[in-house]
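Visitor: Use the sequences and the hints to build the structure in full.
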Amino acid sequence: MKLFETKFYQSMKSNVPLLDRITHYIVRRKGKQMRPMFVFLTAKLTGQFQERSYRAAALIELIHTATLVHDDVVDDSDMRRGFFSLNALWKNKIAVLVGDYLLSKTLILSTENEDFDLLKVVSVAIKEMSEGELLQIEKARKLDITEEVYFEIIRQKTATLIAACCEAGARSVGAEEEICKKMHRFGNLVGIAFQIKDDLFDYTSSDIIGKPVGIDIKEQKMTLPLIHVLNKVSKQEKDWLINSVKRHNQNKKRVREVIQFVKDNGGIEYTQKTMEQYTADALQILDEFPESEYKTSLRTMVNYVMEREK
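In terms of numbering that gives the first Met the number 0, the sequence shown has 235 at position 236, counting the first letter as 1, and numbering is strictly consecutive.
Heads up, none of these hints are tricks.
Listed next, the in silico DMTMM-like pairs over lysine to aspartate or glutamate satisfying Cα-Cα at most 20 Å (straight line):
{"hint": "1", "residue 1": "Lys245", "residue 2": "Asp74"}
{"hint": "2", "residue 1": "Lys220", "residue 2": "Glu137"}
{"hint": "3", "residue 1": "Lys272", "residue 2": "Glu306"}
{"hint": "4", "residue 1": "Lys180", "residue 2": "Asp286"}
{"hint": "5", "residue 1": "Lys126", "residue 2": "Asp114"}
{"hint": "6", "residue 1": "Lys138", "residue 2": "Asp74"}
{"hint": "7", "residue 1": "Lys251", "residue 2": "Asp263"}
{"hint": "8", "residue 1": "Lys156", "residue 2": "Asp197"}
{"hint": "9", "residue 1": "Lys245", "residue 2": "Glu256"}
{"hint": "10", "residue 1": "Lys156", "residue 2": "Glu137"}
{"hint": "11", "residue 1": "Lys251", "residue 2": "Glu218"}
{"hint": "12", "residue 1": "Lys245", "residue 2": "Glu218"}
{"hint": "13", "residue 1": "Lys119", "residue 2": "Asp99"}
{"hint": "14", "residue 1": "Lys1", "residue 2": "Glu50"}
{"hint": "15", "residue 1": "Lys43", "residue 2": "Asp114"}
{"hint": "16", "residue 1": "Lys272", "residue 2": "Asp198"}
{"hint": "17", "residue 1": "Lys141", "residue 2": "Glu218"}
{"hint": "18", "residue 1": "Lys220", "residue 2": "Glu236"}
{"hint": "19", "residue 1": "Lys220", "residue 2": "Asp198"}
{"hint": "20", "residue 1": "Lys234", "residue 2": "Asp143"}
{"hint": "21", "residue 1": "Lys234", "residue 2": "Glu256"}
{"hint": "22", "residue 1": "Lys92", "residue 2": "Asp75"}
{"hint": "23", "residue 1": "Lys237", "residue 2": "Glu147"}
{"hint": "24", "residue 1": "Lys252", "residue 2": "Asp238"}
{"hint": "25", "residue 1": "Lys262", "residue 2": "Asp197"}
Derived by calculation from the structure, the hints in this document are not laboratory data.
Guide: Below, the structure written as structure tokens:
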């Protein structure tokens with residue numbers, strides 16, 4: 000990971016001093032770096048680790064960073080991981096251009112090294128992430144989300160990039176096609192479990208972890224606990240819930256009532272069980288590989304997804 004950080008910073012370098020200042024700011028405020036870890040561990044699980052694996056991780060991290068920068072502009076967010084976002088410090092225009100620059104770097108890094116298989120993997124991820132965001136915006140207007148649509152949104156928004164990490168890791172070491180597809184499925188399952196856990200925080204966390212309780216409801220995001228309860232209560236209760244999310248989502252008392260109603264009607268237990276099932280399915284794929292320290296580390300990461308507190 001230390002060597003990767005150096006390579007990643009080099010992959011962002013430019014001749015424009017302002018850009019270099021901004022990329023330096025980005026690198027210093029890195030998050031958990033789960034995605035490069037998934038690339039490296041799946042590479043080591045499925046073949047002989049090589050230089051291409053560093054490029055695969057850099058491609059993923061460049062995309063991830065670009066989408067976060069653009070997300071902050073779209074959401075008009077001033078903070079990211081407890082620090083000021085780029086748009087808060089350098090305004091929207093510069094933030095959008097920096098996001099574009101990072102995306103262009105993924106194209107250059109992959110084409111210069113003729114990593115066309117890796118470019119295909121990350122390009123599909125970018126396309127699906129955009130589709131997922133737009134699908135969520137479209138559905139938020141009508142609040143007519145079914146479980147099926149919810150899973151499609153989180154698969155595209157979150158899981159597709161983790162699936163790309165795991166597939167790119169396997170492809171970077173020349174693993175067989177069947178293995179690459181298996182690792183993609185593994186990442187997909189882990190990514191869905193990761194997002195379900197995030198959605199649970201809306202009902203179970205406190206402001207301490209950085210995501211205030213009820214933030215999804217305030218933003219009119221329909222997540223699994225709420226969708227499950229909407230599908231099982233009476234028409235009168237359903238109308239009250241939808242009306243609360245649509246028209247009273249800024250009323251703290253009403254938001255608290257919605258959260259309590261979802262809890263009382265089994266929304267949390269159902270969501271927890273669903274997350275555990277996705278996690279179990281992901282671990283089942285890992286079980287097909289021989290024991291190794293990389294398999295153990297991946298298992299630890301999968302369990303972390305389920306047990307994390309933020």
